[in-house]
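A.B. asks: Okay, here's what each chain looks like letter by letter:
There are 2 protein chains.
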Amino acid sequence: MTSISIIGTGKMGSAIAEVAARAGANIQIIRRRAGAGSAPERADAEYGVAGDELTGDLVVLAVPYEAYPNILEHYRDRLSGKIVIDISNPIDFTTYDELLVPADSSTAVELSKALPAGVTVVKAFNVNLGDTLSTGTNGTTPTTVLFAGDDPEAKIAVAALIEASGLRAVDTGPLSRARELEAMGFLQIVLAAIGKTHYESGFTLLP
Amino acid sequence: MTSISIIGTGKMGSAIAEVAARAGANIQIIRRRAGAGSAPERADAEYGVAGDELTGDLVVLAVPYEAYPNILEHYRDRLSGKIVIDISNPIDFTTYDELLVPADSSTAVELSKALPAGVTVVKAFNVNLGDTLSTGTNGTTPTTVLFAGDDPEAKIAVAALIEASGLRAVDTGPLSRARELEAMGFLQIVLAAIGKTHYESGFTLLP
Numbered sequence: 001m002t003s004i005s006i007i008g009t010g011k012m013g014s015a016i017a018e019v020a021a022r023a024g025a026n027i028q029i030i031r032r033r034a035g036a037g038s039a040p041e042r043a044d045a046e047y048g049v050a051g052d053e054l055t056g057d058l059v060v061l062a063v064p065y066e067a068y069p070n071i072l073e074h075y076r077d078r079l080s081g082k083i084v085i086d087i088s089n090p091i092d093f094t095t096y097d098e099l100l101v102p103a104d105s106s107t108a109v110e111l112s113k114a115l116p117a118g119v120t121v122v123k124a125f126n127v128n129l130g131d132t133l134s135t136g137t138n139g140t141t142p143t144t145v146l147f148a149g150d151d152p153e154a155k156i157a158v159a160a161l162i163e164a165s166g167l168r169a170v171d172t173g174p175l176s177r178a179r180e181l182e183a184m185g186f187l188q189i190v191l192a193a194i195g196k197t198h199y200e201s202g203f204t205l206l207p
Numbered sequence: 001m002t003s004i005s006i007i008g009t010g011k012m013g014s015a016i017a018e019v020a021a022r023a024g025a026n027i028q029i030i031r032r033r034a035g036a037g038s039a040p041e042r043a044d045a046e047y048g049v050a051g052d053e054l055t056g057d058l059v060v061l062a063v064p065y066e067a068y069p070n071i072l073e074h075y076r077d078r079l080s081g082k083i084v085i086d087i088s089n090p091i092d093f094t095t096y097d098e099l100l101v102p103a104d105s106s107t108a109v110e111l112s113k114a115l116p117a118g119v120t121v122v123k124a125f126n127v128n129l130g131d132t133l134s135t136g137t138n139g140t141t142p143t144t145v146l147f148a149g150d151d152p153e154a155k156i157a158v159a160a161l162i163e164a165s166g167l168r169a170v171d172t173g174p175l176s177r178a179r180e181l182e183a184m185g186f187l188q189i190v191l192a193a194i195g196k197t198h199y200e201s202g203f204t205l206l207p
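For the protein sequence lines, the chains are A and B, in the order given. This note's numbering puts the first residue of the first sequence at 1, with every later residue one more than the last. This note's numbering puts the first residue of the second sequence at 1, with every later residue one more than the last.
Chain A on its own, in the form it takes in the complex (with noise of 0.2 Å):
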């Protein structure tokens, strides 16, 4: 059965578990310290807090990418064998205006330049407004992850956990290809922001 560790408890956070619930996979969850994040506590997950073992194949940051130093400070030696999956957008809150990574990378490139050899990253998640992954649909279609990665299995692994949740997974190719992802989480997220999209809606792929 796939097992899946998720980092953070905030609102992709809470999202992903729930994907993950009807994926029926096992999952961890970790927050800051006990008790901490405002969403209620899940009956079918179990807990920890940062620094905990993660007991899950796949990995989930479910935190802003200024927090990624400190979970690298926790986990970067504790992940061998282990599916990183990437899900930030890293915009510029403060301007709206641009990404805290250089233009001819991502937050999913730069992640697995700091991570051990061994360590797969695969981008996801990050072009999905977190209602229409835990509601499964966005607009009259299943809801599309898209996602990328360099490793074939790491990509089957996350691709099989997306589509038993009854969700659609659609591969968009190398782990490069974040670079277009994060600029589409970006464009939807600005969107969202002024009003042209809603959060529970947004960017869909028609078949």
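A few of these clues could be false.
For identical chains, the list gives no copy identity; a pair is met inside one copy or between any two copies.
Taking lysine to any residue pairs in the SDA-like style, the calculated list, with each CA pair at most 25 Å apart, reads [said to hold, decoys possible]:
| no. | residue 1 | residue 2 |
| --- | --- | --- |
| 1 | Lys196 | Leu72 |
| 2 | Lys11 | Thr94 |
| 3 | Lys113 | Ala43 |
| 4 | Lys196 | Ile156 |
| 5 | Lys196 | Ala159 |
| 6 | Lys196 | Thr140 |
| 7 | Lys196 | Gly10 |
| 8 | Lys196 | Ala157 |
| 9 | Lys82 | Gly195 |
| 10 | Lys11 | Asn26 |
| 11 | Lys82 | Asp171 |
| 12 | Lys196 | Asp151 |
| 13 | Lys11 | Glu53 |
| 14 | Lys196 | Asp131 |
| 15 | Lys196 | Gly48 |
| 16 | Lys196 | Arg22 |
| 17 | Lys11 | Asp151 |
Derived by calculation from the structure, the hints in this document are not laboratory data. Treat the numbers as computed from the prediction; the structure is a model and nothing was measured.
Using the hints provided, position chain B relative to the given structure of chain A.
C.D. replies: Structure of chain B alone, referenced to chain A:
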């Protein structure tokens, strides 16, 4: 009444001619030479060849990005007061793996730099697969046209054309946002090429 000159007779040029016709605009279509182009001639358009005077207030460059230098040779100094619409997706079609502009820029910004002061560039239509413009719908919703630019009046003129044609116009911000629009256009074309979406559909923005 809006007037538009469309340089190029390919799929996108033809689709934008259809958009302009639905909006009741005066249409000029510029071909490489008389009789050139695979599209049937429109009864509601005037035709010219590259080098002819442009009659439209809006000028659409509906040619591949690689052909821009040739267009600029003809028209660079004859665009004063006009609004130039850049629709290009500068994909390297030999690899389908990267864009032909600097990572921190866009064709729209590069074009703007290559034009004299006083010529306004608006990025638009590059995230629309042609058929969604011709038909006016994408899935269950009117086709959304994302655009970006720095000149408010130019953006109003472009949005007016789009809306008069029954489509939805969505302002995504300054011309620098063309970088993200081109990243999204790139993703969409890659996904259509590998069959993850159809050339009749692609991405849509839900309200």
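A.B. asks: Hint by hint, say whether it matches the structure.
C.D. replies: Consistency of the hints with the structure:
Taking the shortest alpha-carbon separations for lysine 196 and leucine 72, neither the intra-copy value of 36 Å nor the inter-copy value of 34 Å comes in at or below 25 Å. Taking the shortest Cα distances, lysine 11 and threonine 94 sit within 25 Å of each other inside one copy (20 Å), while across copies they are farther apart (40 Å). Taking identical chains as interchangeable, the C-alpha atoms of lysine 113 and alanine 43 are never at most 25 Å apart, the minima being 36 Å within one chain and 58 Å between chains. Taking the shortest alpha-carbon separations for lysine 196 and isoleucine 156, only the inter-copy value of 16 Å comes in at or below 25 Å, while the best intra-copy value is 34 Å.
Taking CA atoms no more than 25 Å apart as the test, lysine 196 paired with alanine 159 passes between copies only; the shortest distance there is 14 Å, against 30 Å inside one copy. Taking CA atoms no more than 25 Å apart as the test, lysine 196 paired with threonine 140 passes in both settings, with 18 Å inside one copy and 17 Å between copies. Only within a single protomer do lysine 196 and glycine 10 lie at most 25 Å apart by alpha-carbon distance; the minimum there is 23 Å, versus 31 Å between protomers. Taking identical chains as interchangeable, the C-alpha atoms of lysine 196 and alanine 157 lie at most 25 Å apart only when they sit on different chains, with a minimum of 19 Å there against 34 Å within one chain.
For the homomeric pair lysine 82 and glycine 195, neither the shortest alpha-carbon distance inside one copy (38 Å) nor that between copies (30 Å) is at most 25 Å. In this assembly of identical chains, the alpha carbons of lysine 11 and asparagine 26 lie at most 25 Å apart only when taken from the same copy (19 Å versus 49 Å across copies). For the homomeric pair lysine 82 and aspartate 171, the shortest alpha-carbon distance inside one copy (19 Å) is at most 25 Å, but the shortest distance between copies (41 Å) is not. In this assembly of identical chains, lysine 196 and aspartate 151 lie within 25 Å of each other by CA distance solely across copies; the values are 20 Å between and 36 Å within a copy.
Taking CA atoms no more than 25 Å apart as the test, lysine 11 paired with glutamate 53 passes inside one copy only; the shortest distance there is 23 Å, against 55 Å between copies. For the homomeric pair lysine 196 and aspartate 131, the shortest alpha-carbon distances inside one copy (16 Å) and between copies (23 Å) are both at most 25 Å. When the C-alpha separation of lysine 196 and glycine 48 is checked against a cutoff of 25 Å, the pair qualifies neither within a copy, at 38 Å, nor between copies, at 38 Å. Taking the shortest alpha-carbon separations for lysine 196 and arginine 22, only the inter-copy value of 24 Å comes in at or below 25 Å, while the best intra-copy value is 30 Å.
When the C-alpha separation of lysine 11 and aspartate 151 is checked against a cutoff of 25 Å, the pair qualifies neither within a copy, at 28 Å, nor between copies, at 36 Å.
Taken one by one, the earlier hints fail for this structure at numbers 1, 3, 9, 15 and 17, listed in ascending order.
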